[in-house]
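Asker: So you can see what is in the structure, the chains are spelled out below.
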Amino acid sequence: MELDFTPEQQQIKDAVRRFLSRECPPSLVRRMREERIALPRDIWRRMAELGWLGLPFDESYGGSGGDWVTLAALVEELGRACDPTPFADCVLTCGWLLQDLGSEAQKQRWLPPLIEGELMLSLASHEEQALRDAGEPPTTLRKGDGGLRLSGRKGFVENAADADFLLVSAVMDGTGEPCLVMVAPRAEGVELIALHSLAHPNLYEVGFRDVALAPDQLLARGPDLPARLTAALDRTAAFQSAAAAGGARRVLEMALDYAKERQQFGKPIGSFQAVQHLLANAWSEVETAWLAAYEAITHLEADLPGAADKVAVAKCASNETFVRTCFSAHQVFGGMGYMWETDLHLWTRKAKEIEMACGGIYPYRRRLAASL
Amino acid sequence: MDFCFSPEQEQFRQEIRQFLADNVTDALREEIAVSGHSPGPLGKAFLRLLGEKGWLGIGWPREYGGQGRSMIEQSIFYHELDLQDIHYGNLTITSLAMTLIKLASEAQKREYLPRILKGELEICLGYTEPGAGSDLASVATRAVKEGDGYVVTGQKVFTTGAHYASHIWLLARTDPTAPRHKGLSVFIFPLDTPGVTVRPIYTMEGIRTNEVFLDQVRIPASAMIGAPNTGFYTIAVALDFERVFIGKYTKIRRNFEALVRCCKEPGDDGRSLYDDPVVQDQLVRLHIDVERLRLLCTKTAWLIDQGKVPNAEASAQKVLASELEQRLADEGMRILGPRALLEYGSPHVPMQGYLAQSWLLAPMMKFGGGTNEIQRDIIAQRGLGLPRG
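Residue numbers (this note's numbering), protein chains in the order written: chain D, 55 to 426; chain X, 6 to 394.
There's no promise every hint is true.
[As the list claims (entries may be wrong)] What follows is a list of derived Cβ distance ranges for each label pair:
#: 1; chain 1: X; residue 1: Tyr169; chain 2: D; residue 2: Pro417; range: 49 to 57 Å
#: 2; chain 1: D; residue 1: Arg90; chain 2: X; residue 2: Leu365; range: 51 to 59 Å
#: 3; chain 1: D; residue 1: Glu231; chain 2: X; residue 2: Gly275; range: 35 to 43 Å
#: 4; chain 1: X; residue 1: Leu365; chain 2: D; residue 2: Glu231; range: 56 to 64 Å
#: 5; chain 1: X; residue 1: Tyr207; chain 2: D; residue 2: Ala253; range: 52 to 60 Å
#: 6; chain 1: D; residue 1: Ala69; chain 2: X; residue 2: Arg53; range: 50 to 58 Å
#: 7; chain 1: X; residue 1: Asp153; chain 2: D; residue 2: Gln327; range: 42 to 50 Å
[Unchecked claim] Here are some chain D residues pointing at chain X (derived, C-beta under 7 Å):
#: 8; residue: Gln330
#: 9; residue: Leu333
#: 10; residue: Ala334
#: 11; residue: Tyr348
#: 12; residue: Ala423
Derived from the structure by calculation, the hints contain no laboratory data. Every residue, glycine too, gets a C-beta built ideally from N, C-alpha and C.
Pulled out of the complex, with its shape left as it was, chain X reads as follows:
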């Protein structure tokens, strides 16, 4: 048993660090801080640079242009990005590409993976509908076979990224007569296909998401991922990967360390917030749970390297991370007092407004990617073998 990174992995970390030191500018960080989930021009250029370096597919097989390294190495890469405040919630790379590698046809892999690697192709998720949230099997968008293709009609909501993505990864009903979750299929197609309309929705945190209307959208049969009517399985795999990357450790660790630094700044009387044992105790409890999250993230990456799709572990990671992020933001603000309410760009803002931003984002983290209640159902039923209700 060995919890340490190998010398080769440490060397890879140094290589990434050097690259980031050479290429990450304050302007890029600034753009990412203010642009939410929509990458600006600097972000897009940086993504292409990573693509040229081959670092978008670190853990992918070599035959699809990846580097054939381990998932541990891929997670080292994301860790180092996060340390530079480059927070890429890029599900195209972290979740969908992984799913394509596992489930797509050879032709689809050759079509999509190289373009994803180059940073040319970004995919948004078309799962949620007004009537299908946690109960995703009740999706009503229809894809009807017509000639050598399908005609798609319906409505999606909370389609984050649809206004800048090139493609949509869509869950639709292909067999209305089959039991609910056995009549669904997954398709991938360009968002500029005629009949697709994207409209903005603004969230509580200020970030844009979208609703997507699909009106008689004609797509080829080759747009289908996996066999017909196996879409529920396809998205289960994609969601397991997604949860691994939603529940990332580094950003939380980084915010935690920034909070500790902030607490240690001496006040007028020379004493700091950290001198208060009540504050120390809260921070130590948070630290222990951040450590728990780090270990679980390590475990899921290691499981992927063993050729497994982390399932209960991925759900546990997502629950732990989202609830810890909320607790860290909430308790951190309580410790710092009223100035913690100040947002990025305000005078006197502590920690560049991270706590305030994270506090507003936290409710979404607890339901995005599948509510934490659904995650606990997954752990109980798929992981622990408890009977369905």
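Extracted from the complex, chain D is given alone in its bound form:
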């Protein structure tokens, strides 16, 4: 048993923190929200140059096939920095899915530019009845002249306008076979409608009207595809648990600093027991959330039995802790954390964004209910 990073992992983690505090300060996160934009590409390319984007991928595609704890340490730091990057969506989910499901030719073609920061992917798999017009069919592929044609609608696509390709889940007309296709958001027949979320600053609904696809845009098909998509989202959820723990710890530190400095009744408010207990509770939660995240990630990496349940515990524990820690910090900061120009609310939004991602909390609770 070893519950700490190796010196080398710690070194990488520290370097990531330094880079992010320099290149991705809260002012950038706020600007992206105000302007509703994706991360500027030049920052993303510098992350690529540092080798961040290649961590999950095999060396044959230009990746570094890094260990998952190093990757988790990176993701934890992203969460700490209120992650303005598309790392979770583009790298952890889409890139890794490409490596999981793509043909050798597709991987050789798409993974190297993704790792170099030149190819942006976004997942478009969210489709729920509430977003659909009555009688509107699900997203469907049908065979047309010279290839496949895609029609349908997806919600909650991150940075769709900035992406080079969307990974779109659909069913084959007639057979109902699940498929995953790559679609350029600028292709003929694709319509982007901006959504206004309290969390992600650059979110879209995407409509597909008889969009023509070349044969190599079909990434995967088959009855096991939904399960493989779920497994991929599980993996992302495990890493995003580390991001949530990192974000929560940063928010706790902000609240602690403020409680030590802010004076009322002639004393620092951190000397009052009511404030101390609020923060002591937050600390205990953050510690256990962090442990749960790394236990899930290491168990998933080693493919140990019960890993999926560990992920569910990590997802629920860390995501809920991140939100609650933000709420506690708001209580400590009072009005000073509620103004637009203060930083805390950026993390509060991020906490809810992470919670809602990868299916939200309830499917993970249901999984645990089924396995108890």
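For this one, chain D is given, so just place chain X on it according to the hints.
Answerer: Only chain X this time, still in chain D's reference frame:
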């Protein structure tokens, strides 16, 4: 990073399991279930058996008769005991011996540790007084230097185990002129020393605790642990260890699993309580928090193995465990309905009365070993560096 036990640790677990399978009888379990914190004859014999096996000092250094193994291995041992319903709240081994190893003189270690290992020596805690609870620095029991020894006078209360322990671990004032927490010392001496009177107090749960009167009790200077007037530090270390063992995970996990099994039993219509999504959701939330507790317990054991005294972690573990135990008992009873009120030995009692017992015990868990409010003060001030009020 690795959250798994090593193959050697897993092998050790198997060895313990085999030993327990061979030696734990239903009669022993029955005795422990009804005798509360006072071990009966079977319990005492079993303790000596563990002592012979060397398993009371798994994590202790070899030079004091321990096995020199890790704290992770020691916690595996307690985990396996708990799985067999052998709940030893034995603070002599889990807290005081650990403190002796860290702070006592060589002569004291050689005097006490081997006897503790053999299961011969049990120590009760003489901290609390009628006027000194959470504010432990206000202890009024006096130990006055006289010749080559001390004369102790005062009163202790909630001295659990004083009616069967052989020794007392006593906090007393040795310098009344010093600032409050700088004038205290810790002593260890036999309870049959003249001038010691033990009287019973019965608690809400039915378990006996005691008050202890000390009237001109003469003890040698060698009974003092650590330097004079450093007693507050000594008990802080002892309490950190104590909290690690109060906040144990296994018993809570075991009760939780028993509750889930109970909920899954089919009713007359073939449906079980577990078929109710409201029930499932409560159980899943409890499960997640039991997992959090497991991870924190692992962390504190690991910290001890790194040579550290877990401090904020120990306090957090105690808070988490005690509040979770109460929530588990309370919510569990709500789920099971009126039969959850039935106690051990009653017809129709579910889960051998664990929930009812745990529900009655839970208020004590939240103030015993230092109130949870004090624990949160410790986390905030010692762990997070917030200023004192």
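Asker: Could you run down the list of hints and mark each one as holding or not?
Answerer: So, going through the hints one by one against the coordinates:
no., hint, in the structure
1, X:Tyr169 with D:Pro417: 49 to 57 Å, "52 Å, holds"
2, D:Arg90 with X:Leu365: 51 to 59 Å, "57 Å, holds"
3, D:Glu231 with X:Gly275: 35 to 43 Å, "37 Å, holds"
4, X:Leu365 with D:Glu231: 56 to 64 Å, "59 Å, holds"
5, X:Tyr207 with D:Ala253: 52 to 60 Å, "56 Å, holds"
6, D:Ala69 with X:Arg53: 50 to 58 Å, "56 Å, holds"
7, X:Asp153 with D:Gln327: 42 to 50 Å, "45 Å, holds"
8, Gln330, "3 Å, holds"
9, Leu333, "6 Å, holds"
10, Ala334, "4 Å, holds"
11, Tyr348, "6 Å, holds"
12, Ala423, "4 Å, holds"
When each numbered hint is compared with the structure, no violation occurs for any of them.
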